[in-house]
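> Going line by line, the protein sequences match chains S and R. Take 5 as the starting number for the first sequence in the working numbering and just add one per residue. Take 5 as the starting number for the second sequence in the working numbering and just add one per residue.
In short, the hints are calculated from the structure, not lab data. Take these hints with a grain of salt, some might be off.
The list treats identical chains as one, so a pair stands whether inside a single copy or across any two.
Each computed DMTMM-like pair below joins lysine to aspartate or glutamate, with the alpha-carbon atoms no more than 20 Å apart [as the list claims (entries may be wrong)]:
hint : residue 1 : residue 2
1    : K116      : E318
2    : K116      : D96
3    : K216      : D96
4    : K116      : D102
5    : K233      : D96
6    : K216      : D42
7    : K233      : E51
8    : K116      : E83
9    : K116      : E321
10   : K216      : D324
11   : K216      : E83
12   : K233      : D102
13   : K116      : D145
14   : K216      : E186
15   : K233      : E318
16   : K233      : D111
17   : K116      : D231
18   : K216      : D278
Note that the structure is predicted; figures quoted are calculated from it, not measured.
2 protein chains.
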Amino acid sequence: MASTNPGVAVPTIYDVAQLARVSPATVSRVINERGNVDAGMAQRVQEAITALGYRPNSLARSLRRQMAPVWTLIISDIENPHFTSLIRGVEDAAQAIDHSVVLCNADEDLTKERRYIEVAIAERAAGVVISPASDRHSSVDPLLASGIPVVTIDRRLRNSPVSAVLVDNTSGAQCATAHLLESGYSRVACITGPMRTSTAVQRLGGYRRALKRAGAPYDPRLVRVSDYKEAGGYEATGTLLAADERPDALFVLNSLMTMGALRCIADAGVRIPDQMGVVGFDDHLWAQLLRPTLSTVAQPTYDLGRTAAQLLIEQAESPDTAPRTVTLATELLVRESSVRTAAPR
Amino acid sequence: MASTNPGVAVPTIYDVAQLARVSPATVSRVINERGNVDAGMAQRVQEAITALGYRPNSLARSLRRQMAPVWTLIISDIENPHFTSLIRGVEDAAQAIDHSVVLCNADEDLTKERRYIEVAIAERAAGVVISPASDRHSSVDPLLASGIPVVTIDRRLRNSPVSAVLVDNTSGAQCATAHLLESGYSRVACITGPMRTSTAVQRLGGYRRALKRAGAPYDPRLVRVSDYKEAGGYEATGTLLAADERPDALFVLNSLMTMGALRCIADAGVRIPDQMGVVGFDDHLWAQLLRPTLSTVAQPTYDLGRTAAQLLIEQAESPDTAPRTVTLATELLVRESSVRTAAPR
DNA sequence: GTGAAAGCGCTAACAC
DNA sequence: GTGTTAGCGCTTTCAC
C-alpha cells in the first residue's frame with residue numbers, strides 16, 4: 005500500500021526554494037537559522053517546507069560539511085549489563101546536541117573492533133567512544149590520524165595519547181579485598197577477567213595491594229583468570245572449590261562472573277557468608293534481592309557515559325588540547341554476603 | 005600531537021586514481037567489486053589505496069546511492085534489560101550485511117520517538133526497527149510515506165500496516181496465571197505496565213483468560229497498572245499488600261517491576277512462596293540465584309531482534325510484499341517462587 | 001574493459 | 001539581506 009512511492013520524488017531544497025520563490029541559499033539559511041533572513045521570506049519558506057513535507061537530506065549536509073553529527077560507540081560486550089546504563093549516558097548527551105549514536109558491539113574481538121573503526125572513519129563520525137578489547141593493540145591510531153576525537157571508556161589504552169574515562173578500579177578492588185580480610189576471611193580468592201583489559205589488571209592490582217597492606221601473602225593459587233562471562237565465573241569457582249585448600253572468600257571482578265560464581269557456590273552447597281564470603285564488582289538491582297544480599301563495588305556507569313561524551317565535546321571544540329583522563333570513584337556496598345554471622349565450617 | 009592534520013588532506017578516489025594511473029570509475033569498480041576490471045589494473049589500484057591509506061567516504065557514497073547502510077533501532081527504554089539482547093540480535097544481523105545500527109532511546113516518550121523518526125528519514129536509513137511507545141499514535145507513517153521499511157518489535161501498532169515481531173504474550177501470561185491457580189493460590193494479583201503498550205494489553209488479557217478458564221472471578225481490585233519500572237513495581241506491590249483482602253499470589257508483567265515487587269515483599273516480611281506466590285515476566289540469570297528461585301515467563305529476546313532484522317531485509321528486497329507478523333513462543337519456567345511448600349499463614 | 005562527465009542535495013563563499 | 005555558483009566524494013550511465 006503505502007510502501008515505496010515510485011513516481012513521487014522526495015522534495016529537495018530546490019523544490020522548497022521554487023515554491024517559496026526564494027533561492028536555495030535562503031532556504032538553507034532558514035533551516036539552519038544562520039544569517040539574517042527577512043521575516044516574510046522565512047515565513048514563506050516554512051510554509052513551503054510544510055506543504056511539501058520537506059526534510060533536509062542529512063547525507064548531503066554531512067558530505068558538504070565534511071562531518072556527520074554521529075558518535076560511534078564501540079562496546080566490548082553489549083550483553084554485559086554493566087554497559088547498559090553507560091550507553092544510555094552517552095546517548096542522552098548525544099541527544100542533547102542533536103547527535104546520533106551508532107552502537108557497535110565489538111564482542112571483545114579485535115578484528116570486529118578494527119572494522120568498526122574503519123566504519124567510523126568512512127562515515128566521518130564526529131567522535132568515537134570505545135571500550136577497547138585490548139589495552140595494547142591501539143587500533144584507535146587510524147582515528148587519531150583522521151583527526152576524529154576519541155575517548156576510551158571503562159578501559160584505557162597503554163600507548164595511545166587519548167582521553168579516557170575510568171573508574172578507580174584499583175581502590176575499588178582494594179577496598180573490597182580489605183573489607184573481606186577485615187571481616188575475618190583469611191584465604192581470599194580472586195576471579196579476574198582477561199588480562200589484556202586494563203580493568204582486570206587494575207582490579208587485580210588492588211586485590212594484591214590490599215593483601216600486602218594487610219600483611220597477607222599473595223597466593224597465585226587463589227587467583228583465576230577468566231573471561232568476564234557467567235559461564236567463566238562458574239567454571240573458575242568450580243576449580244577454586246575443588247582445590248586442596250579451599251578459599252574462604254571470593255572477590256569476583258565483574259557482575260556476570262559473579263552470577264556464575266554464586267550459581268556454582270549454590271550448586272556446591274557452600275554457605276554464604278559463613279563458609280564463603282563474596283564480593284562482586286558492579287552493583288545491580290538484583291544484588292539486594294539475593295539472600296544473603298550481595299556486597300558489591302558499585303560503579304557510576306551512567307556518569308561514565310556522560311563524562312565520555314563531555315570529553316568528546318571538549319576535544320571537538322579544541323582539538324589541540326592534550327588528552328585528559330578522568331577517574332570516577334567506586335563505592336563499596338557492604339551487604340550480607342561478606343560479613344560472617346557465625347564461625348566458619 | 006597526532007590530533008587533526010591541518011595540511012594533510014584526506015585522500016579521495018581521485019588521488020587513488022591518479023596514483024594508479026586509472027580513472028576514478030575504475031577505482032570505484034575495484035572497491036565495489038562491480039564490473040570486470042583488468043587484474044593488473046586492479047592490482048595497481050589496491051596498491052594505491054594502501055599507499056595513500058584511502059578510505060571511501062560513505063557519506064558521498066550514500067548520497068549518491070540515495071540510501072545509507074544504516075538501520076535505526078528505536079527502543080522505548082534502553083535501561084530495561086529485556087531490550088539488551090534484543091539489541092544484540094539486531095546488531096549481529098546488521099553486521100552480517102555491513103549495516104550500522106543507530107541506537108535511539110525513546111524513553112517511552114512520543115516526542116522523542118517522533119524526533120528519532122525524523123532523523124531516520126533525514127539520514128535516509130535503510131530500515132527502522134521500533135518498539136513503539138504507544139500502540140495508537142502511529143508515528144511511523146512518515147516512514148512508510150518515505151518508503152523506508154519498518155518493523156515493530158516487542159510491541160505492535162494498531163492502525164499501521166507494518167510488519168511486527170512479537171512474543172505470544174497472551175499465552176505466556178495465561179500459562180503463568182493458570183500455573184499459579186493450579187498451585188493452589190486463589191487471589192492472584194497482577195501488576196501490569198502502561199496500557200498504551202500492546203504488551204501490557206495482551207498480557208493482562210492472558211491473565212484474565214486464565215482466570216476465566218479456571219472459573220475464577222476477575223477482580224479489578226487485584227490489578228495495578230504501573231509503568232514497567234522498578235519503583236513502580238515496588239509501589240504497586242505496596243498498595244496490594246496494604247489492601248483489605250491481600251492477594252496470595254502476584255504475577256508481574258516485566259522484570260524491572262518484578263524486582264520492585266520482590267523488594268517490597270521482602271520489606272514487608274511476607275514469605276515467598278507460602279504466603280505469596282510470584283511469577284515474573286522476562287527471565288534473567290539472577291532469577292535462579294534468588295531464594296526461593298524465581299518462576300518466570302521467558303522470552304526469546306535475541307531471536308526477537310534477529311527476526312526483526314530478517315523482516316527488514318525481506319521488505320527491503322521486495323517492498324511490495326504485504327506486512328507480516330511473526331509471533332515467537334514464550335516459555336513458562338516454573339521454579340520455587342510459585343509452588344507452595346506448606347499451608348499458607 | 002575503461003574513461004569522461006553528470007549529478008546526488010546541500011552549504012558557504014562570494015558578488016550584489 | 002539575498003542570489004549565484006562551485007563543489008563536497010562518490011557512482012553510474014553512456015560512449016568508446
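> The structure should be examined with respect to each hint, and the outcome stated for every one.
Tested hints:
1. Taking the closest pair of Cα atoms, K116 and E318 never come within 20 Å of each other, the shortest separation being 28 Å inside a single copy and 26 Å across copies.
2. For the homomeric pair K116 and D96, the shortest alpha-carbon distance between copies (11 Å) is at most 20 Å, but the shortest distance inside one copy (25 Å) is not.
3. Taking the shortest Cα distances, K216 and D96 never come within 20 Å of each other, neither inside one copy (42 Å) nor across copies (44 Å).
4. Taking identical chains as interchangeable, the C-alpha atoms of K116 and D102 lie at most 20 Å apart only when they sit on different chains, with a minimum of 12 Å there against 27 Å within one chain.
5. Taking CA atoms no more than 20 Å apart as the test, K233 paired with D96 passes between copies only; the shortest distance there is 19 Å, against 28 Å inside one copy.
6. Neither within a single protomer nor between protomers do K216 and D42 lie at most 20 Å apart by alpha-carbon distance, with minima of 73 Å and 67 Å respectively.
7. When the C-alpha separation of K233 and E51 is checked against a cutoff of 20 Å, the pair qualifies neither within a copy, at 56 Å, nor between copies, at 42 Å.
8. When the C-alpha separation of K116 and E83 is checked against a cutoff of 20 Å, the pair qualifies only within one copy, where the shortest distance is 16 Å, while the shortest distance between copies is 25 Å.
9. For the homomeric pair K116 and E321, neither the shortest alpha-carbon distance inside one copy (29 Å) nor that between copies (27 Å) is at most 20 Å.
10. Taking the shortest alpha-carbon separations for K216 and D324, neither the intra-copy value of 41 Å nor the inter-copy value of 69 Å comes in at or below 20 Å.
11. Proximity of K216 to E83 under the C-alpha cut-off of 20 Å is found in neither arrangement, the shortest distances being 35 Å within a copy and 39 Å between copies.
12. Taking identical chains as interchangeable, the C-alpha atoms of K233 and D102 are never at most 20 Å apart, the minima being 35 Å within one chain and 27 Å between chains.
13. With identical chains, the CA atoms of K116 and D145 are at most 20 Å apart within one copy only, with a shortest distance of 15 Å there and 35 Å across copies.
14. Proximity of K216 and E186 under a CA criterion of 20 Å is satisfied intra-copy only: 13 Å inside one chain copy versus 57 Å between copies.
15. In this assembly of identical chains, K233 and E318 lie within 20 Å of each other by CA distance neither inside one copy nor across copies; the values are 34 Å within and 34 Å between.
16. Proximity of K233 to D111 under the C-alpha cut-off of 20 Å is restricted to the intra-copy arrangement: shortest distance 12 Å within a copy versus 28 Å between copies.
17. Taking the shortest Cα distances, K116 and D231 sit within 20 Å of each other inside one copy (18 Å), while across copies they are farther apart (37 Å).
18. Taking CA atoms no more than 20 Å apart as the test, K216 paired with D278 passes in neither setting, with 24 Å inside one copy and 48 Å between copies.
This entry does not satisfy hints 1, 3, 6, 7, 9, 10, 11, 12, 15 and 18, going by the numbered hints stated previously.
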